[in-house]
Amino acid sequence: MRSFKPLLGLMVRYGLVGIAASLVHASISLALHKLLGMNPFWSHATGFFGGLTTAYLGHYHYSFKDHSAHTKRFPKFFITALTGFTLHQSGVYLLVNQLQLDYSTQALPLLMVSVPMVTFLMSKFWVFR
1 MRSFKPLLGL MVRYGLVGIA ASLVHASISL ALHKLLGMNP FWSHATGFFG
51 GLTTAYLGHY HYSFKDHSAH TKRFPKFFIT ALTGFTLHQS GVYLLVNQLQ
101 LDYSTQALPL LMVSVPMVTF LMSKFWVFR
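In UniProt numbering, the protein residues as written are 1 to 129.
You may find that some hints are simply not true.
[Stated by the list, open to error] Subject to a maximum C-alpha distance of 20 angstroms in a straight line, what follows is the list of computed EDC-like cross-link-like pairs (lysine to aspartate or glutamate):
#1 76 - 66
#2 34 - 102
#3 124 - 66
#4 5 - 66
Read the hints as simulated data drawn from the structure, not as lab findings.
Build out the structure end to end from the sequences listed, making use of the hints.
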């Protein structure tokens with residue numbers, strides 16, 4: 001049986017980078033929403049793309065310690081990010097507009113936990129394999 005230590009280490013590194021990217025994402029999103037009154041759908045979209053660079057560089061260099069050309073990895077990462085973006089935006093629409101959850105205290109935290117689970121699997125088994 002294989003050791004789970006390497007997978008656990010990867011998950012910890014992925015989580016740390018994800019936290020950093022999520023902080024960038026959430027900070028931009030909440031600042032635009034709370035300070036400028038931007039609609040959550042658009043503030044969330046802007047915040048998401050704000051965290052994209054942090055996530056890609058962090059996962060490339062730290063989480064997966066990849067040495068492949070960016071031209072090989074970034075297109076797959078971008079597709080993964082667009083999948084995450086679609087899940088985030090659909091989630092904001094469903095949770096805020098349809099279910100009437102509060103964006104700041106309910107929808108955003110839920111999305112910041114659930115969507116990274118999907119993108120981790122895509123990153124591990126497709127982007128950085």
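Here is how each hint holds up against the structure:
1. A distance of roughly 13 angstroms separates the Cα atoms of residue 76 and residue 66; the hinted pair therefore holds under the 20 angstroms criterion.
2. Between residue 34 and residue 102 the alpha-carbon distance is near 13 angstroms, which keeps this suggested pair within the 20 angstroms criterion.
3. The straight-line distance between the Cα atoms of residue 124 and residue 66 is roughly 12 angstroms, inside the 20 angstroms bound, and the hint therefore holds.
4. Among the hinted pairs, residue 5 with residue 66 is consistent with the structure: their alpha-carbon atoms are about 19 angstroms apart, no more than 20 angstroms.
Violated hints are absent here; each numbered hint is respected by the structure.
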